[in-house]
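Asks: Sequence lines, in order, name chains A and B.
Okay, so the first sequence: first residue is 6 according to my numbering, each after it adds one.
Okay, so the second sequence: first residue is -1 according to my numbering, each after it adds one.
Hints should not be assumed to be uniformly reliable.
Claimed, not checked - Which residues of chain B face chain A? A few of them, derived with a C-beta cut under 8 Å, are:
#1 P49
#2 Y79
#3 T80
#4 T82
#5 Y83
#6 R89
#7 S90
#8 I100
#9 T110
#10 G111
#11 V113
#12 Y114
#13 I126
#14 D141
These aren't lab readings, by the way, just hints derived from the structure by calculation.
For every residue, glycine included, the Cβ atom is placed at its ideal position computed from N, Cα and C.
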Amino acid sequence: MEKVGIVGYNQVKLQSDANYGRYEMIFEAVRGAIDKAGLKKKDITTVISCTNDYYDGRTISNCFTVEVGGGYLADESKVEMDGAHAVLYGLLRILSGNHKLAVVWGGSMPSCFPYHTTRLYETDPTWERPLAYVNDITAAGFQMRAYMEKYGVSKEEVANVAVKNRKNAAKNALALEEAQNQNITVKDVLNSDIYADPVTELMVAQPCDGVAALLLAPEKQARKITDNPVWITGVGWNQETYYLGDRDLSGSKSLELAGKMAYNAAGIKDPRKEIQVAELYEAYAHEELIFTEALKLADRGKAPELNTNIKGDLPINPSGGAIGGNPPCGTGLIRIIEASKQLNGEAGTYQVNGVKKAIASGQIGMCAQNSILYVLEGGN
Amino acid sequence: MDEKVIVTNKGLVKAEFAFWVGIFLDKFYDNLENKKLIGNECPKCGDVFVPPRKICGKCNIVIPFEENWVDLPETGELMNYTITYHKINDRSDRKVKKPQIIGIVKIDGSSTGLVYRLLDLEPEEVKIGMKMKIQWEDNTKGDPSDIKGFIKV
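Okay, chain A solo, but in the shape it has when bound (with noise of 0.2 Å):
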């Protein structure tokens, strides 16, 4: 693959409800990205929005976001769902050769729609909306009884994950603040509200305010742009059938396949030992163990084991991930660029230790229906 650069991010502070415009939210994270990069409107030669229809209450909603976007008289569309996926479509376009610099952002604003749902516009109409006992709350409990079944996984250790993406979240300025939990327990997790047995309440990434923007460019334009390109070597992406009754739940095919397209790409033969870091987009904190499994940084059912903290064996959500916050269509855009800060040293209190090849996931649909992977690494 050529190469590819990421040499702009930036992201707007995650808020349960930030009170102001969303066009003034988009304007901020896109102008964000293009003055940090030391680059100007006239640049930008290709915009990729990244909401959804539902969610901003009008249908082909990007029509009132395009100038915020950056993309007034630039080429410019859409993607529908998660920003990782966005950024598959702004790396393709700067892949056709015709493209010099891709914005691409993503996000949207819960606090204005009534998100589960929404949501339940997912479900089959013909068949499961009548009744919605199909439904992302139910999904969620539906997912996590089936991998601890499988594998004897005790809720404490799912309760573990919520404890340190929530630790990590408080490092992390840019987080929500309901997320910033310093002194969270197991048991804090384990006593919070039932949302879908045995998911708890603290186990969920909650849905909140939020967009983030990154920059693409081919790898001569990128080298002009900035001194320290973050490389993308390499995605893959899958999905899987759409019936929950169809699926296993106790792991992630479509993640699987889509890691190995990705692995395969970048040449890891052994991720354990080649990636220094992962930001994986966990819906809930059971999500992250699956995941960790179905890219083979653990063994089936042994992800509780692996010591995840930012000083552990293998650093997962070193910004507090998903659950430390959750804008829809920005949080697996957000991971991508927070693998970033971390290849580039730019990660604060949060940065994990020698940093060269990153992961960031991305995923779409009840249960991560659909996932997708990149590799990332840094240096010239």
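With chain A's structure known, arrange chain B on it following the hints.
Replies: Same frame as chain A, but now just chain B:
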């Protein structure tokens, strides 16, 4: 930042959609109305789908409408379950006082799971692998609500 913006526009979107269920699901719903469960079998891989499907995604072929129908029993095995106080519909989500137990039941002789409420059970009684049976609504209408839920056999 102390000042709270109090002017908001409430966007009311009302659009009634009518989804064409297709002839496979139509036949399935006609049978549900008579308190009978049917599925169909992929002629290539042998998977049995309930509700029936026109296309087997794995084999990427059409399952002919004229054949491949399977009569299924009312019984099955509990594959998975969750308990939640959250109740969601197409307008809002809210918390209810009595939690609902929602399970995935694999009907005997089928290859897929049905997601429904589990009735007349206390949370501590629920065990994966339990034998379950359909509880029908008294007055059926030919839609998903004809199955009230599943009860323990």
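Asks: If a hint holds in the structure, say so; if it does not, say that too.
Replies: Quick rundown of the hints versus the structure:
1. Taken as an interface hint, P49 (chain B) checks out: its beta carbon lies about 6 Å from the nearest beta carbon of chain A, inside 8 Å.
2. Given the 8 Å rule on beta carbons, the hint for Y79 (chain B) holds: about 7 Å separates it from the nearest Cβ of chain A.
3. Of the supplied interface hints, the one on T80 (chain B) holds, with its beta-carbon coming within about 3 Å of a beta-carbon of chain A, less than 8 Å.
4. Annotation: interface hint on T82 (chain B) holds; nearest CB of chain A at approximately 4 Å, less than 8 Å.
5. With a least beta-carbon distance of about 6 Å to chain A, the hint placing Y83 (chain B) at the interface is held under the 8 Å criterion.
6. Below 8 Å, beta-carbon pairs count as interface contacts, and R89 (chain B) has one with chain A at about 6 Å; its hint therefore holds.
7. Taking 8 Å as the C-beta contact cut-off toward chain A, the hint placing S90 (chain B) at the interface holds, the least distance being around 6 Å.
8. With a least beta-carbon distance of about 5 Å to chain A, the hint placing I100 (chain B) at the interface is held under the 8 Å criterion.
9. Residue-level restraint check for T110 (chain B) holds (minimum Cβ-Cβ distance to chain A is 5 Å; threshold 8 Å).
10. Below 8 Å, beta-carbon pairs count as interface contacts, and G111 (chain B) has one with chain A at about 3 Å; its hint therefore holds.
11. Taken as an interface hint, V113 (chain B) checks out: its beta carbon lies about 5 Å from the nearest beta carbon of chain A, inside 8 Å.
12. Because the closest C-beta pair between Y114 (chain B) and chain A is about 6 Å apart, less than 8 Å, the hint holds.
13. Nearest Cβ of chain A to the Cβ of I126 (chain B): about 6 Å, under the 8 Å cut. The hint holds.
14. Checking D141 (chain B) against chain A: minimum C-beta separation of about 7 Å stays under 8 Å; hint holds.
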